[in-house]
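The lines below spell out each chain.
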Amino acid sequence: MRVLVVGYGMAGSRAVAELRARDTDVKVTALGAEPHRPYNRILLSSLLAGKVGEDDLAIAAAPAGADVRLGEPVVAVDPGRRIVRTTQEEHEYDALVLATGAVPVIPPLNGLDAANVHAFRTLDDCRRIAASARDAQRAVVLGGGLLGLEAARGLAGRGLAVDVVHLGAHLMERQLDGDGGRVLARTLAGLGIRAHLGAGAREWTGDALHLSDGNRIPADLLVLACGVRPDTRLAAAAGLAVGRGILVDDAMRTSDPHVYAIGDCAEHRGTVYGLVAPAWDHAATVADRITGGRAAYRGSRVLTRLKASGVDLAAMGSPEAGADAEVVSFADPARGTYARLVIHENRITGAVLLGDNPAVGTVVQLFDRDAEAPADRRSLLLGRSYGADPPAATDSPALMPDAAVVCRCNTVRKAAITAVWRAGGRTVADVVAATRATTGCGGCRDAVCGLVDWLSTVDPDTEVAA
Amino acid sequence: MSDTHCPYCALQCAMRLRASADGVVVEARDFPTNRGGLCQKGWTSADLLRHPDRLTTPLVRHGETLRSATWAEALDRVVNGIGAIQERHGRDAVAVFGGGGLTNEKAYALGRFARVALRTRTIDYNGRFCMSSAAAAGNRAFGLDRGLPFPVEDIAAADAVLLVGANPAETMPPFVRHLGGDGLIVVDPRRTATARLGALHLQPTPGTDLALANGLLHIAITEGHVDRGYVDARTNGFDEVRAAVAQWWPARVERLTGVPVADLYAAVERLAGARRAMVLTARGAEQHAKGTDTVTAFVNLALALGLPGRPGSGYGCLTGQGNGQGGREHGQKADQLPGYRRIDDPAARAHVAKVWGVAPEDIPGPGPSAYELLSSDAVRALLVFGSNPAISAPRAAGVRRWLGDLDLLVVADFVLSETAALADVVLPTAQWAEEDGTMTNLEGRVIRRRRLSEPPEGVRTDLAVLAELSGRLGAPTSDDPRRVFDELRRASAGGVADYAGITYERIDAEGGVFWPCPDESHPGTPRLFLDRFATPDGRARFVPVEHRPAAEEPDADFPLYLTTGRVLTQYQSGAQTRRITALPGDPYVELHPDLAARIGIDDGASVTVATRRGSTTAPARVSATIRADTVFMPFHYGGANLLTNPALDPISRMPEFKVCAAKVTPA
Numbered sequence: 001m002r003v004l005v006v007g008y009g010m011a012g013s014r015a016v017a018e019l020r021a022r023d024t025d026v027k028v029t030a031l032g033a034e035p036h037r038p039y040n041r042i043l044l045s046s047l048l049a050g051k052v053g054e055d056d057l058a059i060a061a062a063p064a065g066a067d068v069r070l071g072e073p074v075v076a077v078d079p080g081r082r083i084v085r086t087t088q089e090e091h092e093y094d095a096l097v098l099a100t101g102a103v104p105v106i107p108p109l110n111g112l113d114a115a116n117v118h119a120f121r122t123l124d125d126c127r128r129i130a131a132s133a134r135d136a137q138r139a140v141v142l143g144g145g146l147l148g149l150e151a152a153r154g155l156a157g158r159g160l161a162v163d164v165v166h167l168g169a170h171l172m173e174r175q176l177d178g179d180g181g182r183v184l185a186r187t188l189a190g191l192g193i194r195a196h197l198g199a200g201a202r203e204w205t206g207d208a209l210h211l212s213d214g215n216r217i218p219a220d221l222l223v224l225a226c227g228v229r230p231d232t233r234l235a236a237a238a239g240l241a242v243g244r245g246i247l248v249d250d251a252m253r254t255s256d257p258h259v260y261a262i263g264d265c266a267e268h269r270g271t272v273y274g275l276v277a278p279a280w281d282h283a284a285t286v287a288d289r290i291t292g293g294r295a296a297y298r299g300s301r302v303l304t305r306l307k308a309s310g311v312d313l314a315a316m317g318s319p320e321a322g323a324d325a326e327v328v329s330f331a332d333p334a335r336g337t338y339a340r341l342v343i344h345e346n347r348i349t350g351a352v353l354l355g356d357n358p359a360v361g362t363v364v365q366l367f368d369r370d371a372e373a374p375a376d377r378r379s380l381l382l383g384r385s386y387g388a389d390p391p392a393a394t395d396s397p398a399l400m401p402d403a404a405v406v407c408r409c410n411t412v413r414k415a416a417i418t419a420v421w422r423a424g425g426r427t428v429a430d431v432v433a434a435t436r437a438t439t440g441c442g443g444c445r446d447a448v449c450g451l452v453d454w455l456s457t458v459d460p461d462t463e464v465a466a
Numbered sequence: 001m002s003d004t005h006c007p008y009c010a011l012q013c014a015m016r017l018r019a020s021a022d023g024v025v026v027e028a029r030d031f032p033t034n035r036g037g038l039c040q041k042g043w044t045s046a047d048l049l050r051h052p053d054r055l056t057t058p059l060v061r062h063g064e065t066l067r068s069a070t071w072a073e074a075l076d077r078v079v080n081g082i083g084a085i086q087e088r089h090g091r092d093a094v095a096v097f098g099g100g101g102l103t104n105e106k107a108y109a110l111g112r113f114a115r116v117a118l119r120t121r122t123i124d125y126n127g128r129f130c131m132s133s134a135a136a137a138g139n140r141a142f143g144l145d146r147g148l149p150f151p152v153e154d155i156a157a158a159d160a161v162l163l164v165g166a167n168p169a170e171t172m173p174p175f176v177r178h179l180g181g182d183g184l185i186v187v188d189p190r191r192t193a194t195a196r197l198g199a200l201h202l203q204p205t206p207g208t209d210l211a212l213a214n215g216l217l218h219i220a221i222t223e224g225h226v227d228r229g230y231v232d233a234r235t236n237g238f239d240e241v242r243a244a245v246a247q248w249w250p251a252r253v254e255r256l257t258g259v260p261v262a263d264l265y266a267a268v269e270r271l272a273g274a275r276r277a278m279v280l281t282a283r284g285a286e287q288h289a290k291g292t293d294t295v296t297a298f299v300n301l302a303l304a305l306g307l308p309g310r311p312g313s314g315y316g317c318l319t320g321q322g323n324g325q326g327g328r329e330h331g332q333k334a335d336q337l338p339g340y341r342r343i344d345d346p347a348a349r350a351h352v353a354k355v356w357g358v359a360p361e362d363i364p365g366p367g368p369s370a371y372e373l374l375s376s377d378a379v380r381a382l383l384v385f386g387s388n389p390a391i392s393a394p395r396a397a398g399v400r401r402w403l404g405d406l407d408l409l410v411v412a413d414f415v416l417s418e419t420a421a422l423a424d425v426v427l428p429t430a431q432w433a434e435e436d437g438t439m440t441n442l443e444g445r446v447i448r449r450r451r452l453s454e455p456p457e458g459v460r461t462d463l464a465v466l467a468e469l470s471g472r473l474g475a476p477t478s479d480d481p482r483r484v485f486d487e488l489r490r491a492s493a494g495g496v497a498d499y500a501g502i503t504y505e506r507i508d509a510e511g512g513v514f515w516p517c518p519d520e521s522h523p524g525t526p527r528l529f530l531d532r533f534a535t536p537d538g539r540a541r542f543v544p545v546e547h548r549p550a551a552e553e554p555d556a557d558f559p560l561y562l563t564t565g566r567v568l569t570q571y572q573s574g575a576q577t578r579r580i581t582a583l584p585g586d587p588y589v590e591l592h593p594d595l596a597a598r599i600g601i602d603d604g605a606s607v608t609v610a611t612r613r614g615s616t617t618a619p620a621r622v623s624a625t626i627r628a629d630t631v632f633m634p635f636h637y638g639g640a641n642l643l644t645n646p647a648l649d650p651i652s653r654m655p656e657f658k659v660c661a662a663k664v665t666p667a
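Same order as they appear, the protein sequences are chains Y and S.
For the first sequence, the positions run 1 to 466 when the UniProt record's numbering is used.
For the second sequence, the positions run 1 to 667 when the UniProt record's numbering is used.
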């Protein structure tokens with residue numbers, strides 16, 4: 001079995017690893033278009049922010065037995081002959097996996113051929129942006145989606161003033177509702193990022209972005225983050241069925257039974273994901289299928305997390321709430337906290353959590369597992385500590401119930417300490433000798449002292465009599 | 001009067017015993033580990049000395065019942081049984097099972113007894129269920145495994161401590177005296193008494209600690225906290241680990257573990273920002289089918305931050321059983337010879353053979369690991385010392401059946417444990433206050449156990465039993481602890497755990513001696529790795545490790561995680577502590593109020609927990625301190641381990657006690 005993987009990014013490299021992990025008899029060849037060693041796209045925004053170096057982007061070496069060829073772009077696919085032609089040679093295959101990814105959308109704008117205009121998609125893009133930013137004071141980012149905001153945060157982290165120009169009525173409208181978008185804009189403003197909403201761009205003049213409404217935003221560089229579209233060029237030229245992406249079934253198979261497509265280039269049941277987690281689900285499915293398994297991919301639950309320091313944003317599912325939906329929300333805009341859960345039939349179908357939301361991990365897992373939400377929804381907004389801790393024994397000696405355990409290590413209750421007093425004990429040492437309280441971890445010493453103090457001021461016998 | 005240490009956990013709290021008319025009085029002594037503290041297990045430890053359940057005569061099985069017998073009769077039955085079985089089924093058909101509570105002398109004598117008197121390769125011990133994953137990871141990274149490679153006081157002086165899967169507030173309360181609150185980060189799927197002490201509690205999904213550790217290292221790298229100077233000078237393999245953890249970005253870790261991204265960052269900030277920081281693991285991280293790799297992932301984190309081998313910082317494992325440390329060093333482990341030597345190392349075999357006066361080729365090779373031993377068709381006879389596998393082994397119903405089906409089961413114990421109740425011969429043995437010896441505590445400090453009084457009439461020490469059996473099998477040895485220890489010193493000399501320079505006199509004079517201590521003029525080694533690691537090139541090894549699911553993940557039929565653990569008032573299988581009336585405790589099932597509501601039960605209601613291996617019923621303890629997808633059961637009572645999964649770690653052979661798929665229904 002000869003498997004050819006076209007594309008060695010996050011999806012392609014994962015498919016190679018999955019294939020080798022399942023079946024060492026499979027001969028796997030991967031063809032990467034970019035010449036430099038494969039890198040972890042997830043960390044590009046950290047690289048842009050200057051927090052990591054390029055060495056930190058290295059991904060695990062190809063598994064033993066896999067033939068990975070970098071800098072060998074594919075020119076054509078011939079499904080009839082089961083051959084792939086590259087700039088160097090031809091490769092035969094029994095199964096072909098297309099992992100060609102996506103390409104940035106370049107808006108139809110004048111002036112984009114200037115040297116200080118950059119898309120934000122690849123390592124090379126990142127290097128160019130960083131080089132441009134080195135002597136720059138101001139940057140403008142066109143596009144207020146996930147990628148645009150990560151780029152903006154990275155540039156702001158390098159000390160630049162950043163403007164984000166966004167056509168939509170609020171930021172990240174695919175993931176966020178309007179209120180959430182507004183809180184996010186406020187949070188970003190605090191980090192030196194100004195958002196221009198409902199703003200169309202007209203022209204880049206090399207030192208400023210001119211907007212349709214006549215406004216002019218001066219900047220030393222322009223970053224384009226207007227979205228991506230699946231790279232379907234090879235597939236379309238080969239005659240494979242293509243919609244927005246390369247059309248695949250639940251086996252990740254294209255219209256040709258020997259050709260699969262995964263990751264950002266694939267369209268499954270009308271959805272193009274553009275995220276790493278679904279791409280890895282695709283890779284696992286395709287590896288299983290090619291090695292004789294029956295795995296079926298039925299879609300991924302989409303969870304987005306903005307990677308931008310100082311902004312904690314998780315968005316999942318759809319922000320839309322149908323007529324039968326229950327919406328639970330909490331907002332504290334002054335502190336940058338916002339939470340909105342959409343619940344259908346007791347399950348979370350969408351959520352936006354921005355800022356300090358201690359239950360975010362629980363919400364993420366409930367959504368991911370399609371599990372039943374707790375009856376008391378407040379726990380999802382206010383966090384796991386809600387009602388979780390028993391009251392501390394030191395709180396008030398007078399109000400402490402007799403059965404309260406003062407010393408855990410030796411299971412000494414308040415009643416036992418009161419009993420020592422009644423029997424004539426008057427000091428902490430007397431209590432310790434009689435009960436062994438404080439002799440374990442020692443953490444209850446303050447509580448025991450407090451009880452003895454209280455007993456010395458309030459005669460418990462009188463109190464009981466009263 | 002005798003100055004000794006507590007019979008229970010690895011903290012080995014110092015105590016003084018006094019004989020009085022009413023029995024034995026326990027007093028706490030000041031010692032670096034317990035700082036004068038004792039928990040209620042320690043305070044009540046003497047209650048078992050004159051307990052009505054105490055065995056004072058051998059028992060021999062006649063059909064369904066065990067009857068009192070003379071020592072001669074009991075030992076005849078043992079020796080004749082061994083002879084017949086070995087003749088018929090071969091030497092390896094007779095197996096030995098030891099324990100991490102045995103003194104160094106007993107652990108050593110047991111290993112020697114198996115290899116020299118029985119000449120069986122089939123020996124292992126309950127430490128396999130306890131420490132083996134951390135041991136394997138420590139050996140892999142540092143070339144040496146000593147639970148804490150520094151004195152316990154160093155923990156108190158640390159500014160940040162990451163405590164993974166440990167609940168010392170229940171398991172070794174006086175240890176908490178060394179834990180400051182501000183810098184304490186606790187990783188546990190339950191908000192335990194220990195987690196409540198910490199400044200930060202990470203509450204991961206059971207079975208995801210490895211992903212959590214990789215995620216923490218990912219953040220340490222992306223936030224620029226890697227100690228490059230240390231990594232370059234003192235370690236190998238960082239680049240491979242960096243590439244592996246690059247795939248564990250925070251959002252992915254959050255999704256898998258349920259730990260919020262912000263908490264992941266906060267944990268790394270605390271650790272990296274501390275002048276002195278510690279990463280400590282315990283059973284929660286280790287008792288998994290990927291326990292070795294999980295510990296390795298935390299070791300990788302510690303190495304990247306430059307902690308191990310730096311004074312006041314480091315990685316350590318909190319040992320559980322009283323002599324969990326020494327018990328794994330001197331030859332009761334399936335793959336080891338005394339001095340923490342490998343049994344498949346020709347030089348080690350030659351050295352030990354000389355001490356034992358046998359030919360190197362007569363020492364058997366490595367045997368099966370604990371659970372494999374306790375489910376092996378090839379084993380026909382078993383001798384058990386210091387353990388109660390009928391309660392403590394995974395999939396315990398199967399193990400109990402296996403024990404019952406043996407041709408010969410011999411159990412040395414001081415009460416009729418659940419395992420002893422299945423035995424053909426029960427040998428009554430001495431308790432801790434009735435014997436001398438040494439223990440090696442969680443710090444690697446060798447300390448003295450000192451006898452207060454003679455054992456009761458009819459009771460013998462384990463060493464005396466082993467010496468008697470060895471003699472009858474043609475391999476005479478001493479039953480005197482000091483002479484056995486001196487032989488252990490010679491056997492360990494030159495090994496990793498070198499005790500050659502440790503004497504009873506030095507321990508008495510110095511308050512304990514840390515191994516390695518190769519000669520009597522050597523001061524011992526409180527802090528390891530300060531100059532070099534115990535690897536051939538002196539560098540610590542980063543090892544890339546990948547997360548994988550638990551051997552059994554929840555599904556539609558068994559939708560919950562079951563995890564098991566310990567409670568304050570009980571110790572291990574409970575054979576001792578369940579008999580002490582001053583120590584309360586009953587089995588229970590801890591579950592979250594949301595889960596309780598879903599299955600329609602209230603606090604205290606009887607619930608049945610079932611897994612693919614069995615089911616058990618106990619009262620529900622409803623608490624918001626546990627994850628809603630997880631139920632917890634203490635394992636001291638016999639019910640919990642009917643449920644646990646015997647899936648084994650491929651390296652340490654540790655069973656997956658800490659996670660399996662379960663369902664809970666009203667009983």
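These are computed hints drawn from the structure, not numbers from a lab.
Certain hints may be false.
[Claimed, not checked] Derived list of chain S stretches under chain Y, where covered just means 3 residues or more per stretch with a C-beta under 8 Å from a C-beta of chain Y:
| hint | segment |
| --- | --- |
| 1 | 146 to 156 |
| 2 | 214 to 224 |
| 3 | 249 to 256 |
Being a predicted model, the structure only gives us computed values, none of them experimental.
Think of the CB as a built atom: it goes at the ideal place given N, C-alpha and C, for glycine as much as any other residue.
Against the structure, the hints:
no.: 1; hint: 146 to 156; result: violated (count 0)
no.: 2; hint: 214 to 224; result: holds (count 4)
no.: 3; hint: 249 to 256; result: holds (count 6)
In terms of the numbered hints stated before, the structure departs from hint 1 and from no other.
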